[in-house]
Amino acid sequence: MDAILLQILNGLDKGGAYALIALGLTLIFGTLGVVNFAHGALFMLGAFCAVTVNKAITLSAKVRDESVTFFEAYKDVPYLEMWLGETGSLIINWSIPISLLVAIPVMLGIGLAMERGLIRHFYKRPHADQILVTFGLAIVLQEIIKAFYGANPIPQTAPDFFSGTVNLGALIGMDLTYPTWRLVYFIFSMGIIAAVFSFLQFTTFGMVVRAGMADRETVQLLGINITKRFSTVFGIAAVVSGLAGLMYTPILPPDYHMGMDFLVLSFVVVVVGGMGSLPGAVAAGFLLGILQSLASMTEVKEIFPGIDQIIIYLIAMIVLLVRPRGLMGRKGVMED
Amino acid sequence: MSNILEISGVNLSFGGLKALDDVNLTVKAGTVHAIIGPNGAGKSTLLNNIIGKLSPDTGSIMFNGQSMLGVQPHQINQLGISRVFQTPEIYTDLTLLENMMIPLLAHRDGAFKLNLWSRGDQQADILEKAHHFLDDVNLWEKRDAIAGSLSRGDKRRLELAMCLSQEPKLLLLDEPTAGMARADTNNTIDLLKTIAGRGLTMAIIEHDMHVVFSLAERISVLAQGHVIVEGLPEEIKGDPRVKEAYLGGAEV
Amino acid sequence: MAKSTVTPRSDLTLFLGFTLVVLAMPIWLQPFGAAYPDLMQKFAIFGLFAIGFNILFGQTGYLSFGHAAFIGVGSYATVWVFKLMTMNVIPAIIFGTLVAGIFSLVIGFICLRRTGIYFSILTLALAQMSYNLAYSVLTPITQGETGLQLSTKDMRLLDGAVADGAGIPPTNFFGIEMGAWDGLFGFYFCAFFLIVGFYISIRITRSSFGSMLRGIKTNQTRMMYTGLNTRPYKLAAFVISGMYAGLAGCLMAAVDPLAGAERMQWTASGEVVLMTILGGIGTLVGPVIGAAVIKYAENIFSAIDKSVLVDLFSFLPDTLGTFIASVVSLFVGKGWHLTLGLLFMLVVIFLPGGIMEGVDRIKRRFFVKSRADSAE
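Protein chains in written order, with my numbering: chain W, 31 to 366; chain V, 564 to 815; chain F, 4 to 379.
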């Protein structure tokens with residue numbers, strides 16, 4: 031029982047990542063009618079915001095290592111530590127939360143640039159063209175990252191404050207030790223999801239976007255220029271996806287192709303949840319994250335070898351065969 | 564004369580909205596039957612039920628004595644019901660000739676035939692029929708044009724030719740003259756009259772009363788999803804209930 | 004598409020011209036430095052792959068992002084026949100293509116329940132699943148990361164055991180080794196399949212079945228209310244294109260007897276999409292041209308490394324030369340994929356009809372010009 035509960039918890043952080051990417055995909059898809067194959071690349075770019083900020087604040091100088099007395103040894107000491115001492119070390123230690131502040135404007139900028147520079151010109155083109163051009167963009171983005179950061183994963187560490195584990199079971203008398211950062215990630219993703227939903231629910235802008243998702247033609251008839259709001263929606267989706275990637279770096283060392291790996295799974299999440307349904311995307315994200323986590327238990331793998339590799343796809347197939355519109359899909363959305 | 568289409572007690576709601584309310588309608592073989600009524604009366608919804616795009620909540624639709632409920636749209640067509648849509652459904656990227664070949668092949672070979680080898684443009688029987696039906700609508704000269712480049716009226720005529728080429732037993736027409744200039748409308752009326760003269764049964768939805776009274780032998784008036792009157796054109800003309808329905812509706 | 008100028012005779016001319024060009028590759032590719040068997044085999048194999056892909060994407064309008072999976076399946080099946088039965092390539096190719104056909108029947112049955120974007124996503128997901136499986140549970144069949152290779156200990160029931168100390172016997176066509184004629188035999192062997200595949204694709208395009216596929220691409224609603232059951236047509240197109248891909252995979256294994264999961268990756272699926280659109284979606288020769296151009300460019304670009312570039316720009320002042328060289332080096336060598344991605348975007352943005360459309364445009368410009376000239 032404890033083991034199962036623990037696996038469910040383990041699925042939450044991955045589920046959170048899926049949910050956040052799927053949320054962005056659905057937003058873009060619902061309002062702009064574009065399937066963004068470069069959305070995974072945004073997740074990856076967010077992760078590399080963290081890498082870049084970390085690199086920047088740990089810029090180091092070679093300093094004589096006084097602790098070695100036998101020969102002349104040198105060690106790298108970050109400038110920040112030299113200038114600010116303890117405070118500098120603290121800043122470096124908190125590089126991931128700090129990079130959030132950098133990533134928000136950066137991702138917003140990238141999102142806006144993408145929409146204005148490229149996606150906008152494809153609204154009237156066939157869906158196949160939209161898929162193809164964003165697919166090409168995804169390749170370009172990940173190859174650029176590869177050219178600058180190499181092909182190997184670059185591990186990132188969470189602040190010491192969040193390192194180690196917490197025992198979530200203490201209250202109910204069970205032993206559920208859970209890595210603190212994963213808990214942070216789960217809470218973070220819930221926070222973002224709540225923010226996006228309340229933005230859509232309680233602001234005029236959000237209302238127009240929701241109406242646009244339901245029926246774009248009507249909104250246009252009402253004289254509301256929905257196209258103007260598209261780039262903002264795209265920017266928001268880019269930020270959501272980027273932050274999801276950034277916060278994920280302590281859990282999975284980022285590399286250039288992580289975006290595509292997550293994108294494929296997020297697509298499946300969207301299909302399972304129901305194309306065009308925001309709650310569907312979130313629910314399916316967590317559901318599949320948890321199922322994937324459960325499937326990787328050794329007890330399960332002994333019965334169904336390799337199930338952890340394919341569980342998500344299997345679920346997707348079953349859902350599509352039984353409920354072709356997905357769990358919460360609406361009739362008539364992207365059916366032709 | 565026998566009844567080719569019998570619709571009885573058909574109900575259909577979308578959510579709380581009642582689109583069709585106990586619809587009863589019979590089309591006699593060899594007649595032109597017009598279905599008129601104000602906008603939103605459920606005329607197109609009714610056609611969608613006949614061709615299997617929608618299925619009624621309750622009631623029955625019988626075609627030549629056979630129930631159409633639960634029958635796949637392509638099977639319904641194979642049984643002999645063709646439909647001309649309000650906005651022409653044609654193959655806009657293909658030539659007129661190829662547009663004709665597809666329904667002709669469907670009529671000859673059935674719903675599916677894996678014919679990978681024989682050239683489509685070398686089959687004499689198909690070409691001959693394509694010629695015949697395109698000639699009927701005066702489009703043979705344009706056979707090598709791409710269908711998407713045709714004028715609106717020509718597109719409608721092409722779709723009509725495609726449907727006629729299948730030699731249907733029942734032809735459903737959804738506002739065949741909507742958006743046409745007067746001259747074009749008269750041409751279409753003449754064409755439909757010729758076809759009706761050959762004994763083809765037609766059910767036609769139309770707003771243009773000139774078209775309706777030129778063609779129809781029987782008329783059903785639909786209002787708010789219900790057939791309020793059915794009868795001969797002369798009877799319908801004078802019926803106060805029809806006026807009431809139109810005046811009460813959105814448009815005259 | 005089907006213009007009045009298309010007749011059985013014009014198709015025959017097209018086919019004969021194509022055959023001639025392919026067979027004469029070792030001659031006319033000399034000045035391009037591409038006339039060596041390894042590369043020409045790639046032209047033939049990927050050309051075949053793209054032709055098959057075009058039947059699904061170009062004609063039927065279904066954009067699959069998972070066709071590399073069929074390449075992988077074909078390759079694995081072929082190598083297994085080499086291991087268990089015989090090094091003769093014919094049984095292996097027949098078996099491999101059939102297995103790929105059955106596999107595509109299953110995948111197609113599932114994916115074709117949806118259209119448009121859903122379909123693309125599903126094919127991508129299922130191919131990715133196959134790739135994951137090949138790396139994990141199916142390791143006994145696929146040998147996972149090392150890839151499936153031949154060994155001297157293989158059974159080879161029909162060929163008999165290998166004599167002690169002898170190496171692995173080469174793949175052959177009834178005794179003629181694939182490497183015979185300085186490797187040219189391998190090329191002509193693949194070229195044969197390319198030519199046959201091209202002929203079949205002409206026939207399919209012109210057949211009634213081809214008309215149905217184009218009908219599905221243009222207007223499925225009309226198809227349905229014209230009494231046509233579109234699903235078996237789509238499935239047939241999917242399986243045909245899957246078998247083309249499988250055959251391409253078989254040929255890869257026939258000329259170089261090993262199979263690895265990386266052939267199934269999404270990048271490989273994306274590559275064939277690019278080949279098809281670069282050459283010209285829905286055209287007959289376009290996909291083959293696209294495949295050849297990309298494989299040729301890959302060959303040239305990925306061979307260039309920084310030192311070559313520094314030499315190339317040595318005529319410039321030192322710092323400027325090094326700077327340009329390092330910028331260009333992002334796009335060549337290991338950075339070839341960046342060029343590929345950019346090419347992808349540029350083609351989709353500026354030339355959605357691919358090279359064939361470009362040729363058409365140029366032709367039209369000249370034609371119109373010369374007419375205008377003569378009118379003066």
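Source of the hints: derived by calculation from the structure; they are not laboratory data.
Since we're looking at a predicted model, the values are computed, not measured.
Beta carbons: idealized from backbone N, C-alpha and C, even for Gly.
Take the hints with a grain of salt, since some may be wrong.
Here are some chain F residues pointing at chain V (derived, C-beta under 8 Å) [said to hold, decoys possible]: (1) R12; (2) Q33; (3) P34; (4) A37; (5) Y39; (6) K156; (7) R159; (8) L160; (9) S210; (10) S211; (11) F212; (12) N222; (13) T224; (14) T229; (15) T342.
Exercise for the section: So, Q33(F) near chain V? Judge it on the closest CB pair being under 8 Å. Expected result: Since the shortest Cβ distance to chain V is 38 Å, the answer is violated.
Exercise for the section: Against chain V, run the beta carbon of T229(F) and see if the smallest gap drops under 8 Å. Expected result: It holds, given that the least Cβ distance between T229(F) and chain V is near 5 Å, below 8 Å.
Handout entry: Hint check, S210(F) versus chain V [nearest Cβ-Cβ separation less than 8 Å]
Key = 5 Å, holds
Problem - T224(F) as chain V interface residue, shortest Cβ-Cβ below 8 Å - result: With a minimum Cβ separation of about 5 Å from chain V (threshold 8 Å), the hint on T224(F) holds.
Exercise for the section: Report holds or violated for the interface hint on R12(F), using the least CB-CB distance to chain V and a cut-off of 8 Å. Expected result: At 12 Å from the nearest chain V Cβ, R12(F) fails the 8 Å test, so the hint is violated.
Practice task
Go through the hint on Y39(F) and say holds or violated, using the shortest Cβ distance to chain V against 8 Å.
Solution key: 36 Å, violated
Problem - chain V contact restraint on L160(F) - CB to CB distance below 8 Å - result: Violated: closest Cβ of chain V sits about 35 Å from L160(F), beyond 8 Å.
Problem - Status of the hint placing P34(F) at chain V (closest C-beta pair under 8 Å) - result: Given a least distance of 38 Å, the restraint on P34(F) is violated.
Practice task
Could you check if F212(F) really has its C-beta closer than 8 Å to a C-beta on chain V?
Solution key: Given a least distance of 5 Å, the restraint on F212(F) holds.
Practice task
Closer than 8 Å between Cβ atoms is the bar; does R159(F) clear it against chain V? Give me holds or violated.
Solution key: Violated, about 36 Å.
Handout entry: Status of the hint placing T342(F) at chain V (closest C-beta pair under 8 Å)
Key = Cβ of T342(F) sits 32 Å from chain V, so the hint is violated.
Exercise for the section: Under 8 Å, Cβ to Cβ, is where K156(F) needs to be relative to chain V, so tell me if that hint holds or is violated. Expected result: 43 Å, violated
Hints 1, 2, 3, 4, 5, 6, 7, 8, 15 from the list above are not met by this structure, while the remaining hints are.
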